[in-house]
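One-letter residues, chain by chain:
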Amino acid sequence: MRPEPTIDLDNAFYWEGLRDAEIRLQRCEACGRRRTPPLPACPDCGDPRATIEPASGRGRIYSFVVAHRAFSPAFEADVPYTVAVVELEEGGRMLARLEGGDGPPRIGEAVRAAFRLRGGDADETEWTEAFFVRAPAGGDEGEPG
Amino acid sequence: MQPAAITGVGYTALSHASGTSVLELARSACAAAIEDAGLDRSEIDGVASFMLNDDSVPCLAVATALALPEQRLVLDLNLGGQAPCHLVSLAAQAIRCGQARHVVVYRAMNGRSGARVGAMHFPGLGGAYRYPIGYESYLMYIAMWARRFLFETGQGEEDLAAVVLAQREYALRNERAFRRKPLDRDSYLGSPFVVEPFRGPDCTIEVDGACAVVVSALDRARDLRHPPAVIRASAYRAGRRAGLDIGDHLYWEDYTRNYTSWLRDDLFREAGLAPSDIDFAEIYDCFSSTVLMGLEGLGLCERGESGAFVRSGATRLDGALPTNTHGGLLSEGYLHGMNTVAEAVLQLQGRGGDRQAPRHDHGIVTSGALMDGSALILGRDR
Ligand SMILES: [Zn+2]
Chain A
1 MRPEPTIDLD NAFYWEGLRD AEIRLQRCEA CGRRRTPPLP ACPDCGDPRA
51 TIEPASGRGR IYSFVVAHRA FSPAFEADVP YTVAVVELEE GGRMLARLEG
101 GDGPPRIGEA VRAAFRLRGG DADETEWTEA FFVRAPAGGD EGEPG
Chain B
1 MQPAAITGVG YTALSHASGT SVLELARSAC AAAIEDAGLD RSEIDGVASF
51 MLNDDSVPCL AVATALALPE QRLVLDLNLG GQAPCHLVSL AAQAIRCGQA
101 RHVVVYRAMN GRSGARVGAM HFPGLGGAYR YPIGYESYLM YIAMWARRFL
151 FETGQGEEDL AAVVLAQREY ALRNERAFRR KPLDRDSYLG SPFVVEPFRG
201 PDCTIEVDGA CAVVVSALDR ARDLRHPPAV IRASAYRAGR RAGLDIGDHL
251 YWEDYTRNYT SWLRDDLFRE AGLAPSDIDF AEIYDCFSST VLMGLEGLGL
301 CERGESGAFV RSGATRLDGA LPTNTHGGLL SEGYLHGMNT VAEAVLQLQG
351 RGGDRQAPRH DHGIVTSGAL MDGSALILGR DR
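Protein chains in written order, with our numbering: chain A, 1 to 145; chain B, 1 to 382.
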């Protein structure tokens, strides 16, 4: 069974956003920087005031790894799988599965968010996972970031 | 102010299955270090250690099992590989202030047959974004940084290979090392990926065992069995935006620079030395990339040139900077970097045997791989 995300008072809006197929970021009202994962104050200026804004879902690969073995039984069927750190167009970085595309992923490559339901069996909570999809061959090749 | 020095080191055997409790491993390594220093246990007035997710035993249990007298300093940190140099530093600070005289610092773990750090889930707020998608091992976190580091510095698998091969050569001269089979470039490149860009030989090997060092007041250290490894400088550093827990790197801005870049200037300033004054280095290496990043971060070579530096032979025994002379955690085994500190002490004291660095006036040692970590510069007594 896959571990479920721990939802708390600070991050509930984020997980609710994913359920609505939307990545929601916090924008600092003092310095304007956008951040994720959720944090009760801005890590750059310390201001607690933030507006929640939807992100476009577009981003670029900052780095990625390919797991050729599973570290727990829940992920054995997924091997090999890719996890990327994606830099969102608006600011902030997300950790997510990376799927699709031809050939090995490239740092700087453009990707877009997609969403899928997880859990939901009798003994599991339902939650939504955001993952990123690479453009098919011949599509947007992206600029190196 | 009373300067401090490391006076003794102790190890248990390293194995896949110790058949021994963690308390007994800890007791045994600490007793060996106290004995190695030439101290009587009645002189020990401090104990310090670290653990992750309760994978070890608290210091007071070890003090009790060692029949130590009253303790003036007890430090249990909930940390990983960041901790060894940091604990030595905190012990040295207590000694300088006169709050302790002799502190034993240990790491004990049934890290292979018991709780394995490699696949541990850590408590903390960052887990919500990692564990549900199968991003669940230190190997992955360090691999994520390694990929970006290699990309930005124009390096690649040949540079990781250089570290692995150079360290394996040292391991042939270290009876304690777990991996002692010679390894060549083709066998390295032929090894399957575990988590790209890491292959099996890029990763440390989890073991059962314990390692300890004794930090002593220098005035007493001068009467003891071995030449004191004087602590010339020490530093701990967590860079800004260090994240939500020890496995969370999402707020860290630059995956190509770890804590070594942040503490370097303070460390060398305190020692009154420059990187070119360092005779040997013991760089924390849970995975091969951290050696490259550490060499560059500490200014021991230029940015982007660490792989070429290692390939040139500079880190060999006859090179300019013998590095990870025990074969590193990659070869010796994963005692969470306590053994990296112990190796630095052996080298400084001239007890390296077949793998002794010819010049050993000043050595540098690090603990940690990502956002936070610590380092020491050790020097001979004058
Ligand atoms: Zn702000």
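Certain hints may be false.
[Unchecked claim] Residues from chain A shown here face chain B by an in silico Cβ test under 7 angstroms; the list is partial:
| hint | residue |
| --- | --- |
| 1 | Arg2 |
| 2 | Arg19 |
| 3 | Ala21 |
| 4 | Phe115 |
[What the hints assert, rightly or not] Far from chain B, some chain A residues (derived; all Cβ distances over 12 angstroms):
| hint | residue |
| --- | --- |
| 5 | Pro54 |
| 6 | Glu76 |
| 7 | Arg118 |
Treat the hints as calculated values from the structure; they're not laboratory data.
We treat Cβ as the ideally placed atom computed from N, Cα and C, and that holds for glycine.
Okay, the hints, checked on the actual structure:
no., hint, result
1, Arg2, "holds, 6 angstroms"
2, Arg19, "violated, 14 angstroms"
3, Ala21, "violated, 17 angstroms"
4, Phe115, "violated, 13 angstroms"
5, Pro54, "holds, 18 angstroms"
6, Glu76, "violated, 10 angstroms"
7, Arg118, "violated, 7 angstroms"
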